[in-house]
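Enquirer: Residue-level listing of the chains:
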Amino acid sequence: MEESKRTPLYEEHLSLKGKVVDFHGWALPIEYEGIISEHKSVREKAGIFDVSHMGEIRVKGKEAEAYVQYLMTNDIKAMDDGQIVYTFMCYPEGGIVDDLLVYKYNRDHYYLVVNASNIEKDFEWMKTHVDGYDVSLDNESEQVAEVAVQGPLAEKIVQRITKEPLEKITFFTFKDHVEILGKKCMISRTGYTGEDGFEIYMKPEDVTEVWRGILEAGKEEGIQPAGLGARDTLRFEAGLPLYGNELSKDVSPLEAGYGYFVKLDRDNFIGKDALLKEKKEGIKRKVVGFELKKRGIPREGYEVLKNGEKIGIVTTGYLSPTLGKSIGNALVQSEYGELGSDIQVKIRKKEVEATVIKRRFLKK
Amino acid sequence: MSERYYTKKHEWVLVDGKEATIGISDYAQDQLGDIVFIELPDVDDEFEKEEDFGVVESVKAASDLYMPISGKVIEVNEDLEDAPELVNEDALSNWMIKVEVTSPDEVEELLTEAEYKDFIEEE
Numbered sequence: 001m002e003e004s005k006r007t008p009l010y011e012e013h014l015s016l017k018g019k020v021v022d023f024h025g026w027a028l029p030i031e032y033e034g035i036i037s038e039h040k041s042v043r044e045k046a047g048i049f050d051v052s053h054m055g056e057i058r059v060k061g062k063e064a065e066a067y068v069q070y071l072m073t074n075d076i077k078a079m080d081d082g083q084i085v086y087t088f089m090c091y092p093e094g095g096i097v098d099d100l101l102v103y104k105y106n107r108d109h110y111y112l113v114v115n116a117s118n119i120e121k122d123f124e125w126m127k128t129h130v131d132g133y134d135v136s137l138d139n140e141s142e143q144v145a146e147v148a149v150q151g152p153l154a155e156k157i158v159q160r161i162t163k164e165p166l167e168k169i170t171f172f173t174f175k176d177h178v179e180i181l182g183k184k185c186m187i188s189r190t191g192y193t194g195e196d197g198f199e200i201y202m203k204p205e206d207v208t209e210v211w212r213g214i215l216e217a218g219k220e221e222g223i224q225p226a227g228l229g230a231r232d233t234l235r236f237e238a239g240l241p242l243y244g245n246e247l248s249k250d251v252s253p254l255e256a257g258y259g260y261f262v263k264l265d266r267d268n269f270i271g272k273d274a275l276l277k278e279k280k281e282g283i284k285r286k287v288v289g290f291e292l293k294k295r296g297i298p299r300e301g302y303e304v305l306k307n308g309e310k311i312g313i314v315t316t317g318y319l320s321p322t323l324g325k326s327i328g329n330a331l332v333q334s335e336y337g338e339l340g341s342d343i344q345v346k347i348r349k350k351e352v353e354a355t356v357i358k359r360r361f362l363k364k
Numbered sequence: 001m002s003e004r005y006y007t008k009k010h011e012w013v014l015v016d017g018k019e020a021t022i023g024i025s026d027y028a029q030d031q032l033g034d035i036v037f038i039e040l041p042d043v044d045d046e047f048e049k050e051e052d053f054g055v056v057e058s059v060k061a062a063s064d065l066y067m068p069i070s071g072k073v074i075e076v077n078e079d080l081e082d083a084p085e086l087v088n089e090d091a092l093s094n095w096m097i098k099v100e101v102t103s104p105d106e107v108e109e110l111l112t113e114a115e116y117k118d119f120i121e122e123e
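These protein sequences, in sequence, are chains A and U. Take 1 as the starting number for the first sequence in this note's numbering and just add one per residue. Take 1 as the starting number for the second sequence in this note's numbering and just add one per residue.
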């Protein structure tokens with residue numbers, strides 16, 4: 001097997017006794033002290049994640065707006081400078097290339113933050129559609145390190161090490177050239193946990209100092225480094241999807257339940273015709289939430305049944321650390337996905353009864 | 001004092017005459033992380049050596065439990081039903097099942113503590 005790539009924080013993870021595993025080719029910690037403790041720390045106080053594996057692609061040029069608008073399902077033209085949107089990039093057939101964040105500097109300049117596992121695929125996809133647009137594309141993923149500080153105390157903690165008034169950076173906006181501990185950073189009020197918090201982008205050579213500085217600044221409040229394990233349980237409880245689980249090239253954003261981020265009434269974009277047709281005809285499958293009525297833990301890949309017939313598959317499932325319930329997401333045939341319907345999840349040899357519930361498991 | 005033996009699947013067994021006590025190793029609990037659910041068999045269930053007799057689930061994953069030795073279940077540790085995290089706290093004293101051993105000779109095929117230590121260092 002090919003050696004996993006290391007983020008600039010690799011040595012920090014080892015010294016913090018992180019359990020480092022391979023994640024899509026990256027050596028990253030699954031946990032430090034433990035998933036439950038890290039999860040709770042983010043929900044109640046704050047946690048810091050190394051997300052340097054994420055991809056960053058810069059789009060610049062006179063036609064950057066038109067180009068990004070054509071690739072994305074959300075309405076890029078409706079964005080303000082300094083704003084961020086969550087969007088999908090789709091195939092013509094309606095399946096998902098990736099889900100991503102688009103940061104708008106101005107009409108000639110966008111910054112795209114994509115999934116680590118999809119960087120090369122996304123960049124190739126973007127290049128194949130660049131003809132005819134006056135834009136330049138730059139895959140900066142290797143030159144950018146990123147940390148996410150998440151939790152109700154995130155602002156208080158980060159504010160201690162920057163003069164930038166953070167309360168002015170509102171939800172889904174960003175500011176570039178912000179100094180944190182004297183290091184030039186780009187900072188956005190975004191995240192993947194369902195909590196308040198920031199994502200901070202900087203040069204790889206600056207990230208160790210910023211990482212240590214944030215841990216030090218939040219020591220009193222009990223900030224904890226958090227790994228991929230907690231990142232997944234947190235995003236799942238908050239109803240946020242993961243590419244490869246809820247999202248894939250074989251699932252459309254409408255089936256995944258994120259039609260809000262697909263603006264079918266706007267100008268043309270890749271996948272629009274297929275998605276319009278799908279909307280008109282009705283989706284045949286959909287991702288639903290469910291809760292087990294009995295003990296057991298649903299896991300990705302387990303079969304979902306109705307009266308003994310397979311009707312779908314679990315995309316993510318956990319014993320929720322916050323709620324203490326066994327809950328999951330499943331991609332099922334639409335007719336069985338009504339709220340309140342009874343379904344069964346096959347856990348090893350047993351069929352365990354479950355009820356379809358809302359996917360935003362966490363009510364905040 | 002009886003000696004504790006191990007398997008390459010990370011179970012331990014303490015044999016005392018015809019009775020054997022079975023659990024998972026400290027290394028296994030550390031690798032699993034926070035244990036949140038343990039499914040154990042019923043008393044009187046019979047298992048062959050290497051057969052799966054239950055499941056231990058951490059936040060992240062489910063792992064089968066394998067019999068280190070053939071036997072018939074005579075007791076299950078019911079404390080683990082409501083407090084599976086006890087295994088994280090002390091994997092060696094928080095056993096999972098006790099069995100009546102059916103083939104005592106099988107013990108000779110198991111790893112000693114020293115052999116198990118060498119084995120996990122190689123892993």
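A hint or two may mislead.
[Stated by the list, open to error] With beta-carbon atoms standing in for the labels, derived distance ranges:
1) U:Thr102 with A:Tyr86: 55 to 61 Å
2) A:Glu167 with U:Lys8: 40 to 46 Å
3) A:Asp250 with U:Glu89: 40 to 46 Å
4) U:Glu46 with A:Asn307: 53 to 59 Å
5) A:Gly222 with U:Thr112: 41 to 47 Å
6) U:Glu50 with A:Glu353: 44 to 50 Å
7) A:Lys127 with U:Gln31: 39 to 45 Å
8) A:Gln143 with U:Glu50: 48 to 54 Å
9) A:Leu339 with U:Lys8: 45 to 51 Å
10) A:Tyr260 with U:Glu115: 31 to 37 Å
11) A:Leu276 with U:Ala83: 23 to 29 Å
12) A:Asp250 with U:Glu3: 49 to 55 Å
I should point out that these hints are in silico values taken from the structure, not numbers from a laboratory. Heads up, the beta-carbon is just placed ideally off N, CA and C, and yes, glycines get one too.
Enquirer: Now look at each hint and say whether the structure bears it out.
Expert: Hints versus structure:
no.	hint	verdict
1	U:Thr102 with A:Tyr86: 55 to 61 Å	holds (59 Å)
2	A:Glu167 with U:Lys8: 40 to 46 Å	violated (56 Å)
3	A:Asp250 with U:Glu89: 40 to 46 Å	holds (43 Å)
4	U:Glu46 with A:Asn307: 53 to 59 Å	violated (33 Å)
5	A:Gly222 with U:Thr112: 41 to 47 Å	holds (43 Å)
6	U:Glu50 with A:Glu353: 44 to 50 Å	violated (32 Å)
7	A:Lys127 with U:Gln31: 39 to 45 Å	holds (42 Å)
8	A:Gln143 with U:Glu50: 48 to 54 Å	holds (51 Å)
9	A:Leu339 with U:Lys8: 45 to 51 Å	holds (47 Å)
10	A:Tyr260 with U:Glu115: 31 to 37 Å	violated (58 Å)
11	A:Leu276 with U:Ala83: 23 to 29 Å	violated (54 Å)
12	A:Asp250 with U:Glu3: 49 to 55 Å	holds (54 Å)
When held up to the earlier numbered hints, the structure conflicts with 2, 4, 6, 10, 11 and fits the remainder.
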